[in-house]
Structures are given as C-alpha cells and as structure tokens.
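Engineer: Protein chains in written order, with this note's numbering: chain C, 1 to 350; chain R, 1 to 350; chain L, 1 to 350; chain X, 1 to 350.
Check the hints yourself; a few may be wrong.
In silico SDA-like pairs for lysine to any residue, Cα to Cα no more than 20 Å straight-line [what the hints assert, rightly or not]:
hint	chain 1	residue 1	chain 2	residue 2
1	C	Lys-345	C	Asp-251
2	C	Lys-304	C	Pro-314
3	C	Lys-220	X	Gly-127
4	C	Lys-304	L	Gly-25
5	R	Lys-126	L	Gly-222
6	R	Lys-126	C	Pro-314
7	C	Lys-344	C	Ala-334
8	L	Lys-341	L	Asp-252
9	X	Lys-220	C	Ala-223
10	L	Lys-126	R	Ala-223
11	L	Lys-344	L	Ala-334
12	L	Lys-270	L	Met-1
13	C	Lys-344	C	Trp-281
14	X	Lys-126	C	Tyr-30
Simulated from the structure, these hints should not be mistaken for laboratory data.
There are 4 protein chains.
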Amino acid sequence: MNFSSDNAEGWAPQILEALVEANEGPMASYGADPLTDQVGKAFNDLFEKEVAAFLVPTGTAANSLAFATLCPPYGSIYAHEAAHVQIDECGAPEFFTGGAKMMPLAGESGKITADTLAHALGFSMKGIVHHSQPHLISLTQATECGTVYSPAEVRAVADVAHERDLSVHMDGARFANAIAHLKCSPAEMTWKVGVDVMSFGATKNGCMAAEAVIFFDPAKVGAFEYLRKRAGHLFSKHRVLAAQMAAYLKDDLWLELATHANAQAQRLGKGLSDLEGVRLWYPVEGNEVFASFPGDAAARLMSKGVSFHPWIVPGDPAQGQMCRMITSFRTQEADVDQFLKLAKKECVED
Amino acid sequence: MNFSSDNAEGWAPQILEALVEANEGPMASYGADPLTDQVGKAFNDLFEKEVAAFLVPTGTAANSLAFATLCPPYGSIYAHEAAHVQIDECGAPEFFTGGAKMMPLAGESGKITADTLAHALGFSMKGIVHHSQPHLISLTQATECGTVYSPAEVRAVADVAHERDLSVHMDGARFANAIAHLKCSPAEMTWKVGVDVMSFGATKNGCMAAEAVIFFDPAKVGAFEYLRKRAGHLFSKHRVLAAQMAAYLKDDLWLELATHANAQAQRLGKGLSDLEGVRLWYPVEGNEVFASFPGDAAARLMSKGVSFHPWIVPGDPAQGQMCRMITSFRTQEADVDQFLKLAKKECVED
Amino acid sequence: MNFSSDNAEGWAPQILEALVEANEGPMASYGADPLTDQVGKAFNDLFEKEVAAFLVPTGTAANSLAFATLCPPYGSIYAHEAAHVQIDECGAPEFFTGGAKMMPLAGESGKITADTLAHALGFSMKGIVHHSQPHLISLTQATECGTVYSPAEVRAVADVAHERDLSVHMDGARFANAIAHLKCSPAEMTWKVGVDVMSFGATKNGCMAAEAVIFFDPAKVGAFEYLRKRAGHLFSKHRVLAAQMAAYLKDDLWLELATHANAQAQRLGKGLSDLEGVRLWYPVEGNEVFASFPGDAAARLMSKGVSFHPWIVPGDPAQGQMCRMITSFRTQEADVDQFLKLAKKECVED
Amino acid sequence: MNFSSDNAEGWAPQILEALVEANEGPMASYGADPLTDQVGKAFNDLFEKEVAAFLVPTGTAANSLAFATLCPPYGSIYAHEAAHVQIDECGAPEFFTGGAKMMPLAGESGKITADTLAHALGFSMKGIVHHSQPHLISLTQATECGTVYSPAEVRAVADVAHERDLSVHMDGARFANAIAHLKCSPAEMTWKVGVDVMSFGATKNGCMAAEAVIFFDPAKVGAFEYLRKRAGHLFSKHRVLAAQMAAYLKDDLWLELATHANAQAQRLGKGLSDLEGVRLWYPVEGNEVFASFPGDAAARLMSKGVSFHPWIVPGDPAQGQMCRMITSFRTQEADVDQFLKLAKKECVED
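Isolated chain C, as found in the complex:
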C-alpha cells in the first residue's frame, strides 16, 4: 500500500514498448530524429494549435528553463508560497535565470487569486531600476494541495498578469490529473485562458523521465534551445525522451492513466472522510489526499506498512498535523480499500 508519491511507481507498459520499438536502427541525435518530429505534431493536435514543444527529463528542468527563457536576471517571478518552484527545487529558478527573484504569494488551497497577484504587483515599481521587474507568474495545475484551478480562475490571474506585461507559466507536473478532473480540453485550460508557456508533466503519470516545455506562442521560444543545452538537458539519444512522450500522448494514454489515479484518490478521500476523527484539508480534485488522523493513528498506519508522508504546506493552518497520500496510474482499488479498512480500525482505537 504505497501512497507516498507518484514518483515511487514505475512506468506504464506502453512506455516500455515504445522504447523497445524506438531502439531500431540509427537515428540522428540531439532531437533531429523522426520521433521528436512526431511528438511535435502530437502536441499541435493535443492543443489544437501550432505550439513549440521541447523535451527534457525532469520537471525542475522544465520549469526552470521556461523561467530562464521568459525572465531576465533582473526580473521577478511570482508563485504560490507552497509551489514546487518556490520550495522544492533547491533554488533552481534562481540558478537557471541567473538570479531572478522569486516572489512567494499566499493563497488558500494552494491557489493564487487574481486579487492577490494584483495586490502584490501594486508594489512592484515597474520601470524603476531599484526593483526586480515582474516578468512571470507561475501557476501549479493541479496545485500542491491537490486542488485544481478552473479555467475561469486561470483566466482571471492571466488577465491581471497580461495587463502588466507578465507572462503566464503553468507548472503542469500533474496537468493530466487536472484535466481528468475538469473534463475540459487541454486548450481550454491553457492558451485559451491565457497560459503562455507550460511544463507538461509525464513522469509522475507513467513515464520514466519525460517532460515537455510548451510555448503556445512560438515567438516566445527565444534562447530556449541554447539554455537547455548549456544546462545539460539536451539528450544525445533524444529518441529516449521522444519515444516516451509519443506513447504517452497516443490514444490519450495520459488521460486514461490520470483518470485512473484520480478515481483512486476520490475513493480514498471519500472513505477517509467517512471516518470519525479524520479531517480532509482540501477538496480532493486530482490524485492527492491531505488528511489528519486522530491521535497517533497516522503513525500506527505507517508502522503497519502503509506508505505516506507527514506533510507541511507553507502558509496553511494545518501545519504539522496533516499527511499526504498520493495515488497513481498503478494504484489498485484493493490497496485503497485495504488502507481504508486499516484506517478505520486505527482511528476507532485512538
């Protein structure tokens, strides 16, 4: 019963098969291969638009390279105070951008509101050399609290950003889970509501190591390819990334896998919410459940072989009391049910 992370799972069989197929014959290196070309077209189809897509192996690389492309060293980047880019990347955004300033914003359930952004930008002193100049806002979709921005919420933030000449980035490490929840199209959640660039995650949802940076306006690509190379993120055997992503996009595998993971999170969340003394801290919308257990129940569950982590979300009132449980493309209903059975027992005993 592993609910510790979607990173703790392996990869979907389709991904492996794609790597078997991609192993035939020589192919041009560094992205000049036909599989990479095919992925580019698949992204155009997915987003119903000509986009510029680039592959990298990790989400930190995807986010930071997007930032470095769109924000100069004297710029600033706004993100939720609990965002992965702010607290879980060991300063990667500052490193890749050459020292841009991260501006953490508060917000309930992991979300930034348009008002919060507008208020913060009110202090930004545009055009005054003493102050880092706002260039980007990064939204995480689904959020670090497992919640999901609606298209209208993104639109509102993007409008504030664009009025002040900021670009809008979406950290979509769990984008598939967000779409599975919203049941809208990828276009409706991105460029149609003002997203300029996104990190399109695939690793957590069934790939080995593959993420894409998508520029919805190819004119914004700028120096991305040079920055990727000098960061060591341009794969020589580029088909390794391309084969994974091609399989991930094919026949909506991405959506199928995320839909499964989300369903397990729903089952888990529903089951936990029925238990005496258990509190869910956020609406369960993606594949994450944040809950507190009565007394020492959490510790007892962990000691009995259920894997999950005590968790802290900066800025949240639950600090120090809650646990994070994550479901994945591989989570079995039986595992969820067994967990719930155990949890029921431990919560009652407390």
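Knowing the structure of chain C, use the given hints to seat chains R, L and X on it.
Structural biologist: Just chains R, L and X now, with coordinates in the frame of chain C:
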C-alpha cells in the same frame, strides 16, 4: 527643505579635507596603501576587537558581497519583507550569490522577531536536497521603518539563527543613526549580541561613497576578496575609499553626524505628531519619519517646495497613505521648523 | 552504414531488460532505492576502492556538476582547446560554476602534456585577487581525437596539477573505449594515477541516458547533491538511471561493448589507411577514425548513403580537410567492409 | 620615482575642485541630478553624436556591464589573451554575463588583427546549440602592451565582427593616451570605425574613481541600468561620479593629462633605448614602457627606490624577462631623468 533622502545631500567637510590630504604622492594601489591599513586599525578600535574590514563604494555591494561570502548558491537568506536587500537592490543578493533564495519575513515596524525566524526555519528542511538551505539572516539596523533593534532583540534573533547554523548579517546603512539612538557601543550592538558580519554604512551619513564590510570573525572572510574584485568593487586608487572612512571614524565624526540627523528627525516627528490629522506610523528612533497627512495636505506641501516621498512599506497596514521624510547630517533646524509651519497651515486647511 | 556518431545508435538489449525488471513495484524516489545502492557498490568493485558515485542523464551534466563541485566562481579550469567541455557544451561549465574561467590549452592529438599545463600555470598568479585562481584540469579520455592517454601521461599531468593544488577531472564520455584499448584496470587509469573525479560515460556505449560522476575521495563530494538537484538533474524515478548503470556494469558489459566498437574502428582505420590518397590524422585507439579523402571522395561517399561528418578540431593542422567516423557497440563488420569497398572505389575514381 | 602604475597616483586638482563645488545643496540621487545631465551632454559633444553614457566607479565594472548588456549567457566574447578583461579581472566578465565564454586570441604587441578574428570565428558554429555563440569582440585601446590601434586597424576588425553580427567593445581604460598618440578625434577612433560600446576610462588619468560606459547606438543600451543597479554600481550620491567626469571632460583636461603622461613615456622610452643592453619590447605609443635590463640591473634599480614591476604578457616571447614602467599625469620630467641616470649607471655596471 529637502527631506527626500539622506542620499540627496553632499558630504561633510572633513571628508573632503581627507581627500585633499590623501592626494599627496604615490601610494600602492588596490588597498596596499597606509590609509587602508589605518582604517583597519580604526575599526579594531571602534569594535574593541580584531575585525576584518573591507571597503566598497555602495551599500548594495557591501550587503551582496557579505551574502556571497557566507551563503552558497543553494542556500537561502532570510530578511524582512521590507528590507533593502529584498526589495531595493534589483536582485543583487541573488546575483552575487549565484542564485541563493531570498526568504522574506513579515514583522511589525520593519523588525524581525526571534519567533518569526524560528517559525520560518521550521519549514526549512535542513539537509534535504530539494530545499534551499538556510545560511543567513539579515537584519537592517536602523530598519526601513526608521526603528531601531535593541541589543536584546538582536541577541534573541541571533540565538535562533546560531542554533540552526545560520550566520547573522546586519545591514547597517544607517548603523550610525541606530547607535546614536541606543547610546550603546558599536560592539554592544554587533558581535556582542551575535552579529557575524555587517555592512557599515558611511555614504548616507556624510561620506561621498564609502561602506565597509566587517567580519567579526576573520575566519569567516573566505573568498571575499576574490568576490569583491570580480564584482568590480576593488578600487584601484583605494585610498579614495580609505581616506573617507578614516575621516569618518576619526574623533567619532560618524556619531556626531548621526546624532545631529536624529535630533532633527525627533524635532520633525514631535512637531508633526502635534498636528491635527497627522499620523506617525512608527516610533521615530533614527533619522526617518513616516507620517500620513490629512486630505491633500501632502501633495500641497510638495507643491510648495518641501521634498519628500510618498512611501510604501510592504506588509504594512499604512500602504498607500504615508510619506517618508528623512533628515541628514546637514538638515538645519530652521528647515525643520519651516516645514512644520507649512505643514500646520496645510493640515488645518484640509 | 552509419558512422556519424555513437549517439546515433540505440541501446543494448541488456539495458532494456534491466528497465523491464526495474519496473516492478514501488521504490523510494530520488535515489533512495535499492538499485541505486547496488550501483554504488558496483562502482566500488569496479574501481577497487570506496568511491562516491552519482548518476545523471547526460555527459554535459556530469562534467559541469563535477566542475561546480570542485571549482568556485572565481576559479579557473584548464582543458584542451578541443575538449568537449570547452567547445561543445554551449558554456555549461561557465553556467554551472557561476562563471569560472575556462583556460584552453593547445596540444597534439587532443592531449595536454604536463609541460603545457606547467607552462600555463606559470602565468596563473596564485593568491592574487586580480586573477581567476586555477582549481581544475580536465582531461578527456579517450580524447576528442580518438587517442588515448597512457597511465603515465595522466600521472605526469596530475603531478603538475596536484603540486599546485588543482584537482584532476577526467571526462570519460568514452572511458570504456580507452580502457578497452589500454587493457589496464579502471583503477589504474584513474585514482591510481591521480584522477580526483571523473565523468563515467555510459550513454554513448549502449545506455539510453546514464552517466556517473565518480569522486575517488568521498571527502571531495562537497555540495554535489544540492547542485545536482538545483540543476534539475536529480531524477525522481531514479531507478531509471540506476537500472541502466547496474546492467552496464554487470559482467563487464561496458567493456564488451567498447571492445567491439574499438575493433570496428581498428578495422575501419586499417582499411582506410591502405587506400591511396586517404590520410589518417590521428592514431586509431578508441572508436573514432579521423581521415581525409582525396578530392571529392568524401562528398560522394556521403551521397551514397554513408553517414559521417566533416570535422574540425581546433588547433589542428588538418582544419577543414578531415572527416570523423565513429563506430559503436552496434557497428557491424559487414558495414565496415561495405564502407571500405565503397571508399576504395571512390578514392580510385578521384 | 614611481613608475609602478598610473593607479598609484592621486588625482588632478581640477577633480578635487569639482567635488568641492558639487557639494552645494541637495541634489536628486541615483543620477537624476543636473551634473549627470551635464556629463551626458559633454559626451555628446566629445563624440560629435548623441550617445548614451553611464557612470561607474571602476574599469572592471564598465567592461563587465558592457559585456553583460550585449552578450547573453550562452554567448562568447573574443579578446586578446593578454587583455585586462581576460586575465586581470578575476573572471568578472563571466560573472556579470552569467557565464558567457571568453575566447582568448593571440596577437603581436597586444593587438588582435582582423585575420585572427576571422580565423577564430571560422570555428564558432553559428546557430548550432552545442556551441557558445559569438556576440562580442573587445579591443583594448591603448593595449596592454602600450601600443595603439590605428583607426584603420580597428575598422578592419570591426568589419569582420559586424559581418558576423558581433558587437565591438573598446576597453578604453587608457583611451586618452591612445588619442593623445593618434591625434585623431574620439569619434574617429570609435563609432566612425565601428566601435559599438566603450569603457571610457578616467581613473588612471587623473580622476579618483570614475569611468563611463558609452553606447554609440542608444538602442543597444538594453537592460544596462538594471544590470548596473544589481551589481551595486549605481551610486546613490551620483554627483560624486558626475562631478569628476564633468571636470575631466571640461576644456579637454583628459587630453592634456594624457599628453603629459605620454610625453614622459616617450622621454623614458627614448632614454632607455639609448642604453647598452636595454631592450624595448614594444613601440612606446601610450604611457607604458616595457623593457628588459641587462643582468640584475632591474633588481638593483628597484632596490634603489625606483618603483616598477617585473611583467609578463601572455603569449609574448619576452615572458619572464621584462619590466613594465608606467608614466602618469603626475610624472615629472625630473623623475624620468633621474631614473635614466640611475639606469645608465646600473646597466653599465652589469
């Protein structure tokens, strides 16, 4: 009647005289001159301790070089959300450190409390590679709100920091004003209460352009001299900086100038607080007065030739309503009185 | 007939099988998995010594992270003027180190001699703040010219370096080919002759994307893990890298693959050297052959479906005249022979 | 008898007087003062063109900020292997640019020829992401060997650069000495022959600490002002820099001071060339003389109170044998003559 900034004033006559004297004959360049040596000794005397002192022309350079010496690129630096290092240096700390993360902290009247720091460090995940590692806390003395930390307040913050292996930096752009207020010794406000490194400001208080970075433990100097050189802050005619600082330290000129400036701020603050409709936002302790005027009185005062700035302090309830007035070593009592007379008239009329 | 690059090939079947096996069940992420542990032990065995080994996906990442760990921003790094780190990584060393200075050195056949290094270090002004301070020498093994340093040659360079407090890095993107040529042990080519840290390449020689940074003295690891994380090179599903490397090291697969590639290069080199008008520019020692063809023969060969690249090695007399041909773990004898047959025809016709 | 450096001297009386005058009354800080405005106009007059001029305190800052403005992190900058920017700034160009690559070029007498640049750019692989992309060529005028580029020489290099989309920077730390030698106008030595941006030195030639960065095309200014601020080089009391530069430009003081220094170098060079066993290594064109003395004569001269430095110019055949003597705006004829008298004695004795 200029209350716009202590940077708007020129320099004290003693500083000019020192530069006349220092112009005699050849001297070794880049700091190997006797004046620089003399300044080193003067700092030892001032701080009653063997210190390592280095001269640079600006406060931003002093702060950022201190940071880069004591914080690696994967480190983080805590500072008040209104601190100069956080909002007024266009990302210099991020630049000099190679991308360390600035962590803004809230706090009343421009001050960080020990509790606030301890709480924030509780989320810092020491030793976990995903997270920027806390290395420094920077306190501004006097603060951006014109208030002054007591030795006990600094001690409390420093204790929290040292327990968690952080170094303590003091941004002393207006250190002289703080000491003039506290009437303690420089040692009692720095290393005796846990400060490890400071930016010792002189420019605002009567020099042309001269600041010192003081390491209270010479073992912490590390690569400072290389970092200063590659940042373009090692003066070839180093006596230019040394002569200024020597004169500034001689016969407690620094304290005399700051005492004068503080007295004018007191006079101004007292006078304003007596006026109907005027509100002082912070205790007047250094050489800064933050006040709001009734109706359009502020605008009318500015239109009649009084120079000061509308001001915003991030995180403060007064946002958008207050004005900042600064006195300096050159401010005349007559100017203060004339301002007060005008202010009385405009406030009544409103 | 693809002799364009060892990056143009896919991966060995053992690597794929390892990824199939590694896909079983949940594993701790970010390197806390048992496969990563196993790889660490395998490297200890391989090098007959307790080493500290870290996995990354690309050679540029491996080299640059090693540099950033051992060279401060005010340091300098010496490398051959034709080295991959100097000319093929788009400034990655400068990026990762925060602006260390690359010092290109000339040298025949892609090699740096002890004398050349000693001469260059004679100008380095140790301890003088005006000058970037030498911290590292990087040797490429096998070199960019397909030649191989003998243990004695490395020892001589390392002695010069260590006498002046520099560390010695080996870029081993084609280390396996070098060992296959030398028939010495990995230990005899590395720490036993003074190498402090190496990039141990596996991608070119049969993996998908996997390289290791090996510190022969674990005390030199320093901040490597933080630097890797903030560069986006810490894989979440770390077993992806570990499984590849475990398979690559198992039963000397690495050596078997490189031995095959080298044999094909020997066959190709030998065959070409027998042709009228063909000149080999460097001894064929690894898996690379550099040759010039008479007249337009090279162009005709390429038009008939043989893939290879016109090539320039900075500092070499052959500039503009030669072609690079690379063999790999997959190159077939039949391909070599067919190429030679074609080449014979085209060279005679010219 | 100090010939150690032009940095070892103080400042011209006109500079001091200007700082006395500039001390009157409050002035807007950070460059919004009337003196800064006046300097801008003076530079327009000097260069017979609308230029964008910015003041900084040191030459390293001027050079590096110019580089950072015109060269991205993935770019490369060509300079003579003996250039100050390459060897005497502790990696400042790499720091300010965020890790651009310095490309050292060989060249006689401290000069880069058009052919050398064209040859080097032939290997630069424009548009290929693996390679740092050439953005700048920096010429030092007068050179580190005390020689002076003719307008035609600069034109030839600039033509090569511009054809390949590089910008041309001139490090004019001793620009005044070059103009005093050439007797051409500043315009004829800069934008009229293709210079895009220059560091206009004043410190070595009689100021305290004042340099200007001049963009001959104001459209190239880009983010300069943000970069200057975040590097700590924007003076708060900006009139300190402006007053110096205004006085330096007024009534051609700069040219008068440099003409004096050059005349002393001529006198010194002529006198030394008449001595048996003394060899001058470069034509004396600016204010520097590079000579070797027979036997131990140099050491004896230094022990008798003549200050100068043994000197090494990378890439030069004289390595290890020569001494550098520098004259300044303050060097007295009597000092030169006394030196020559002593030198005659010591050289004969050897």
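Engineer: Hint by hint, note whether the structure agrees.
Structural biologist: Structure-based check of all given hints:
1. For the proposed pair C:Lys-345 and C:Asp-251, the alpha carbon gap of about 42 Å is over 20 Å, so the pair is violated.
2. Of the supplied pair hints, the one linking C:Lys-304 and C:Pro-314 is violated, its CA atoms being roughly 29 Å apart against a limit of 20 Å.
3. A hinted pair counts as satisfied when its Cα atoms are at most 20 Å apart, and C:Lys-220 with X:Gly-127 qualifies at roughly 17 Å.
4. Between the alpha carbons of C:Lys-304 and L:Gly-25 the distance comes to roughly 18 Å, so the proposed pair stays at or under 20 Å and holds.
5. With a C-alpha separation of about 16 Å, the suggested pairing of R:Lys-126 with L:Gly-222 holds against the 20 Å cut-off.
6. A distance of roughly 15 Å separates the Cα atoms of R:Lys-126 and C:Pro-314; the hinted pair therefore holds under the 20 Å criterion.
7. Distance hint between C:Lys-344 and C:Ala-334 is fulfilled; the C-alpha atoms sit about 15 Å from each other, no more than 20 Å.
8. Between the alpha carbons of L:Lys-341 and L:Asp-252 the distance comes to roughly 33 Å, so the proposed pair goes past 20 Å and is violated.
9. Our distance criterion of 20 Å between C-alpha atoms is met by X:Lys-220 and C:Ala-223, whose separation comes to about 18 Å.
10. Annotation: proposed proximity of L:Lys-126 to R:Ala-223 holds, straight-line Cα distance about 13 Å (limit 20 Å).
11. Restraint check for L:Lys-344 and L:Ala-334: the C-alpha separation of about 15 Å stays at or below 20 Å, so the hint holds.
12. Note on L:Lys-270 and L:Met-1: the hinted pairing holds, with a Cα-Cα distance of about 17 Å set against a maximum of 20 Å.
13. With a CA separation close to 18 Å, the supplied pair C:Lys-344 and C:Trp-281 stays within the 20 Å bound.
14. The suggested pairing of X:Lys-126 with C:Tyr-30 holds, with an alpha-carbon distance near 17 Å, which does not exceed 20 Å.
Hints 1, 2, 8 from the earlier list are contradicted by this structure; the remaining hints agree with it.
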